[in-house]
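*Asks:* Here's the letter readout for the chains.
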Amino acid sequence: MSRVELINVSKNYGPLRVLNDVSLTIETGEVIAIIGRSGSGKSTLLRCLNGLEPIQSGTIMIDGVKVNDPDTDLRKLRQNVGIVFQSFNLFPHLSVSDNITLAPRLVLKQSPDQARKIAADVLARVGLADKIDAMPQQLSGGQQQRVAIARSLAMNPQLMLFDEVTSALDPELTGEVLRVLEGVAREGMTMILVTHEMGFARHFATRIVFMHEGKVWEQGPVAETLSHPQTAELKSFLDAVLN
Amino acid sequence: MIREFGTGDIVYLVFAARWTLALTALAFAGGAIVGLTLAVLRISPLAPLRFLASLYIQIVQGTPLLVWLFLFYFGLSIAGLPVNAWTAAALAYSIYGGAFLGEIWRGALIAVAPTQWEAGASLGLTYVQQMRHIIIPQAVRIATPPTIGFLVQLIKNTSLAATIGFVELTREGQLTSASTYKPFAVYITVACIYFLICFPLTQWSRRLEERFNVAR
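Top line first, the protein sequences correspond to chains U and Z. Reading the first sequence from the start, the letters are residues 1 to 243 in my numbering. Reading the second sequence from the start, the letters are residues 244 to 459 in my numbering.
Possibly wrong hints are sitting among the right ones.
[To be verified] If you want the ones that stay clear, here's a sample from chain U, every Cβ over 10 Å from chain Z, calculated:
no., residue
1, Met1
2, Gly39
3, Asn89
4, Asp130
[Said to hold, decoys possible] Pulled a few chain Z residues facing chain U out of the computed Cβ check, cut under 8 Å:
no., residue
5, Glu247
6, Thr306
7, Thr358
8, Ala362
9, Ala364
10, Leu366
11, Leu368
Hints were generated in silico from the structure; no laboratory data involved. Idealized CB from N, CA, C, for every residue including glycine.
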């Protein structure tokens with residue numbers, strides 16, 4: 001069973017078709033970099049995977065569970081599918097520790113002590129062990145995003161989605177977040193990243209998915225796809241982002 | 244017999260102000276219960292609930308408070324349910340306060356970024372858990388200054404309860420004025436007492452608002 005399977009997925013915003021007959025299969029342990037221009041549907045695709053956005057037709061399966069089925073318990077699904085957003089979306093009224101332990105306590109019913117121990121572990125993994133009692137606004141953008149990744153990791157998900165997680169950061173802060181992502185990738189996590197970081201994609205992704213006009217326009221192993229694009233659209237996109 | 248307006252009368256007026264404060268407290272408590280319910284219904288995912296809450300708010304905001312006071316005090320008695328001035332006032336002010344607090348708090352709830360709901364949902368929290376742990380705590384900070392502003396309005400509006408014979412600050416002023424025949428001195432004193440209660444609250448609200456704007 002594949003970790004993620006999209007079959008003929010289409011989605012509209014009103015008259016606008018943002019996903020057009022997308023089919024994609026992702027196996028456990030893969031690191032997928034989704035690239036493409038603004039408006040090509042890549043972020044929407046990601047948000048459909050954990051049910052944040054409904055789809056109009058097609059099927060999305062995660063670990064054999066159909067996401068777009070009214071009978072599916074999305075809350076249960078989301079415990080296994082972490083998502084990290086461009087704008088971090090930390091809870092500003094809660095400390096770093098409470099940001100991370102809230103869901104494990106409420107959803108996974110962990111004891112406060114147990115949850116805090118796990119919070120300390122995941123913070124150590126993102127290199128912020130000393131910030132456990134800080135408030136989000138005391139942290140830099142890069143640190144906030146690392147806390148958001150830690151918050152997701154604390155739920156011990158089977159799949160992690162990253163929606164342009166470095167786009168809101170200064171270049172100097174991007175590096176620290178990418179290093180955390182590298183660490184997560186090395187641990188064998190199945191990851192889907194919508195990204196503009198071609199360097200990161202080149203080194204850590206296993207596969208490139210190029211989206212264009214709501215479709216998976218071209219995909220394949222990273223090195224090959226980036227060095228020998230098959231379509232004119234990918235070629236012109238790569239020319240634009242690499243120069 | 245007409246007597247002088249003296250220190251004793253001022254002391255009486257100050258004492259009568261505690262009934263103003265007691266009625267304010269009761270009205271605020273009742274209004275808070277109604278208002279919180281309305282605010283939550285107004286942003287509910289279920290359209291009929293949103294409609295009902297909105298209808299309530301439209302009706303109450305479109306009718307005078309004085310009419311609600313009369314309705315409960317005189318109306319219920321004639322309908323065979325005699326109520327005292329306390330009960331009538333408590334009911335009328337809760338209904339009235341609820342409609343205004345409901346709107347203030349709804350505004351605060353929707354002022355919390357939608358991405359906060361998404362972040363909560365993505366972690367597997369239920370709607371109620373998102374509301375309770377993520378949205379309401381942030382909305383409270385946003386809502387505090389306008390809520391205090393409404394409280395000041397409420398304190399002044401409790402004077403309307405004088406019309407159904409509820410002896411609070413204004414009613415006590417009327418009685419004092421009638422027996423001393425010094426309306427000017429009496430009502431100036433009454434006004435001063437209201438001001439001394441309301442002014443610190445207004446200042447507090449302003450300070451909180453400034454702090455909130457800085458924090459943003």
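*Asks:* Work down the list of hints and note, for each, if the structure agrees.
*Replies:* Tested hints:
At roughly 22 Å, the least C-beta separation between Met1 (chain U) and chain Z is larger than 10 Å, which holds for a residue marked as non-interface. At roughly 20 Å from the closest C-beta of chain Z, the C-beta of Gly39 (chain U) stays outside 10 Å, upholding its exclusion from the interface. For Asn89 (chain U), the non-interface assignment is contradicted: its Cβ lies about 4 Å from the closest Cβ of chain Z, within the 10 Å cut-off. Residue placement check: Asp130 (chain U) keeps its beta carbon more than 10 Å from all beta carbons of chain Z (closest about 24 Å).
Look at Glu247 (chain Z): its Cβ only gets to about 57 Å from chain U, farther than 8 Å, so that hint breaks. At its closest, the beta carbon of Thr306 (chain Z) sits 37 Å from a beta carbon of chain U; the interface hint therefore is violated under the 8 Å criterion. Restraint check, Thr358 (chain Z) versus chain U: the minimum CB separation of about 5 Å is within 8 Å; hint holds. A distance limit of 8 Å between C-beta atoms decides the matter here; for Ala362 (chain Z) the minimum to chain U is near 4 Å, and the interface restraint holds.
About 7 Å separates the beta-carbon of Ala364 (chain Z) from the nearest beta-carbon of chain U, less than 8 Å, and the hint is met. Among the interface hints, the one on Leu366 (chain Z) holds; its C-beta lies about 4 Å from the nearest C-beta in chain U, closer than the 8 Å criterion. Annotation: interface hint on Leu368 (chain Z) holds; nearest CB of chain U at approximately 6 Å, less than 8 Å.
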